[in-house]
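Chemist: Protein sequence lines correspond, in order, to chains A and B.
According to my numbering, the first sequence is numbered sequentially starting from 3.
According to my numbering, the second sequence is numbered sequentially starting from 21.
For the record, the hints were derived by calculation from the structure and aren't laboratory data.
For glycine and all other residues, C-beta sits at the position ideal for the given N, C-alpha and C.
It is possible that some hints are incorrect.
[Unchecked claim] List of simulated lysine-lysine pairs, PhoX-like, C-alpha gap at most 25 Å: (1) Lys60/A x Lys37/A; (2) Lys195/A x Lys94/A; (3) Lys225/A x Lys88/A; (4) Lys158/A x Lys146/B; (5) Lys49/A x Lys88/A; (6) Lys31/B x Lys157/A.
[Unchecked claim] If you want the footprint, here are the derived chain A segments under chain B, 3+ residues with CB under 8 Å: (7) 48-60; (8) 128-136; (9) 155-164; (10) 170-183.
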Amino acid sequence: MRWLSLLLFLFFAGCDKPSDKIIIATAANVQYVMKEIQQEFEKESGKKIQIVVGSSGKLTTQIREGAPFDVFVSADVKYPQEIFEKGGGAEKPKVYALGTLVLWSKDIAENDLTTDVLTTEKVKKIAVPNPKVAPYGEAAIQVLAAKNLLKTIEKKLVYGESIAQTAQYITSGSAEAGFNALSIVLSDEMKGKGHYVIIDSTLYKPIQQAAILLKHSDDSPKKAGSEAFYQFLYSQKAKAIFRKYGYK
Amino acid sequence: MDFQPLLLTFKLATITSLILLVVSLPIAYWLAFAKFKGRGVVEAIIGMPLVLPPSVIGFYLLLAFSPSYWFGNFIESIFGLRLVFSFSGLVIASVLYSLPFMVYPIRAGLQSLPASLREASYTLGKNEWDTFFKVLLPNCKPALLTAFVLTFAHTVGEFGVVLMIGGNIPGVTKVASVAIYNEVEALNYPAANQYAMVLFAVTFLILLVVYSVNNSLLRVRQSS
Chain A
3 MRWLSLLLFL FFAGCDKPSD KIIIATAANV QYVMKEIQQE FEKESGKKIQ IVVGSSGKLT
63 TQIREGAPFD VFVSADVKYP QEIFEKGGGA EKPKVYALGT LVLWSKDIAE NDLTTDVLTT
123 EKVKKIAVPN PKVAPYGEAA IQVLAAKNLL KTIEKKLVYG ESIAQTAQYI TSGSAEAGFN
183 ALSIVLSDEM KGKGHYVIID STLYKPIQQA AILLKHSDDS PKKAGSEAFY QFLYSQKAKA
243 IFRKYGYK
Chain B
21 MDFQPLLLTF KLATITSLIL LVVSLPIAYW LAFAKFKGRG VVEAIIGMPL VLPPSVIGFY
81 LLLAFSPSYW FGNFIESIFG LRLVFSFSGL VIASVLYSLP FMVYPIRAGL QSLPASLREA
141 SYTLGKNEWD TFFKVLLPNC KPALLTAFVL TFAHTVGEFG VVLMIGGNIP GVTKVASVAI
201 YNEVEALNYP AANQYAMVLF AVTFLILLVV YSVNNSLLRV RQSS
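With the hints as extra help, turn the sequences into a complete structure.
Modeler: Next comes the structure, spelled out in structure tokens:
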């Protein structure tokens with residue numbers, strides 16, 4: 003009998019009513035900076051938020067299928083725009099930061115680390131985030147095209163599924179060099195791993211990262227909190243944190 | 021539709037299955053009939069890919085194949101070959117990943133044969149080699165077919181490992197399962213659907229053929 007009541011207790015304890023915690027869907031490349039934004043926001047507002055990390059494409063699919071997210075912090079403009087057009091947003095997506103592209107290597111020193119080193123024997127594989135889905139990958143291809151290197155090194159390119167996997171290819175030395183986001187290189191997890199140089203930002207189209215406030219019904223308990231977080235994302239305080247992590 | 025990822029998938033699955041067939045015959049024979057200590061350890065190791073998440077296998081292979089670690093470095097300096105991001109790397113990964121799917125059905129097939137079959141063959145003067153190839157194997161054709169097809173299908177369905185060590189290079193490591201994943205990620209559902217449909221149909225056909233052939237083989241055996 004006692005076991006039964008314990009079992010029943012566990013069962014009902016597990017079936018909590020849907021939490022009114024605000025859930026922020028976060029693109030993988032902003033996950034590190036979001037941790038700090040989260041701390042800052044929770045301190046300021048006293049509200050707890052939860053962060054769900056995924057690739058922008060996957061999160062978009064999930065949002066379209068009705069995932070209970072409140073704000074979507076994407077790695078580019080395309081995906082939130084897509085959600086907005088399908089009627090899932092409370093308002094138009096807004097750019098919260100501009101990303102910075104870097105060339106990164108485990109073993110090649112900063113002085114030698116230029117796009118020219120990519121054509122040499124020293125570099126056998128170059129890791130690039132999949133340009134089809136990752137904005138930093140798209141930017142990397144633009145840089146290579148602008149430098150007229152694309153044809154000569156095309157055979158060396160390997161594509162990471164996300165910016166994080168591309169980082170793994172580079173830091174494990176599987177690829178001698180690769181392109182990535184400054185925010186990843188500067189994160190606590192990756193700090194000091196290898197060498198990097200910032201790519202001239204005139205060589206690629208600005209990497210605009212946008213967020214969108216997702217639609218809530220008027221009586222939703224999460225509406226006010228979500229709006230507050232969305233506002234916070236564009237505040238001076240948040241801007242300072244973004245800058246610290248290499249965003250503009 | 022771009023057929024390259026599909027062709028690559030079937031090429032990978034065919035090569036992997038053929039290699040595994042050769043590798044697994046002695047292993048299955050050994051496991052089925054040999055008496056030795058530590059059998060549990062060997063069986064556990066061979067069976068690990070059945071239960072390990074593919075991402076675990078992929079992660080360790082990525083490190084093992086990378087030239088900054090000793091194995092990858094050794095292979096690169098001796099053979100001038102880099103396994104990570106290459107088709108040969110995928111083949112090696114698939115062989116490890118699908119090993120139990122080839123070994124276990126063959127072993128089960130061998131063990132299900134009556135001991136008198138082997139004993140009769142030995143009594144009639146055949147050695148172990150001849151007995152294995154001319155008596156035992158022909159008598160467990162359904163097991164061989166099942167093993168081959170399971171391995172093939174399992175390799176076609178491989179995803180996590182390829183995603184970790186493949187690098188998504190068109191024509192080299194971008195297999196169909198990864199192509200589907202990419203198209204979904206790019207919100208290009210029609211393209212993903214085309215690949216998925218082909219895999220769906222092919223997988224069904226393969227299994228249909230296996231079960232039909234196996235059923236008729238068993239029927240022959242039962243009626244004789």
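Chemist: Look at each hint and say if it fits the structure.
Modeler: Okay, the hints, checked on the actual structure:
1. Lys60/A x Lys37/A: 20 Å, holds
2. Lys195/A x Lys94/A: Since the Cα atoms of Lys195/A and Lys94/A sit roughly 38 Å apart, the hinted pair is violated (cutoff 25 Å).
3. Lys225/A x Lys88/A: Holds. Lys225/A to Lys88/A sits at ~20 Å (cutoff 25 Å).
4. Lys158/A x Lys146/B: Not OK: Lys158/A and Lys146/B at ~55 Å, beyond 25 Å, violated.
5. Lys49/A x Lys88/A: It is violated: about 30 Å lies between the C-alpha atoms, which goes past 25 Å.
6. Lys31/B x Lys157/A: Between Lys31/B and Lys157/A the Cα gap is close to 21 Å, so the pair holds against 25 Å.
7. 48-60: holds (count 3)
8. 128-136: Held - the region 128-136 of chain A has 4 residues with a Cβ nearer than 8 Å to chain B, which meets the minimum of three.
9. 155-164: holds (count 5)
10. 170-183: holds (count 6)
Checked against the numbered hints given earlier, this structure breaks hints 2, 4 and 5; the rest are met.
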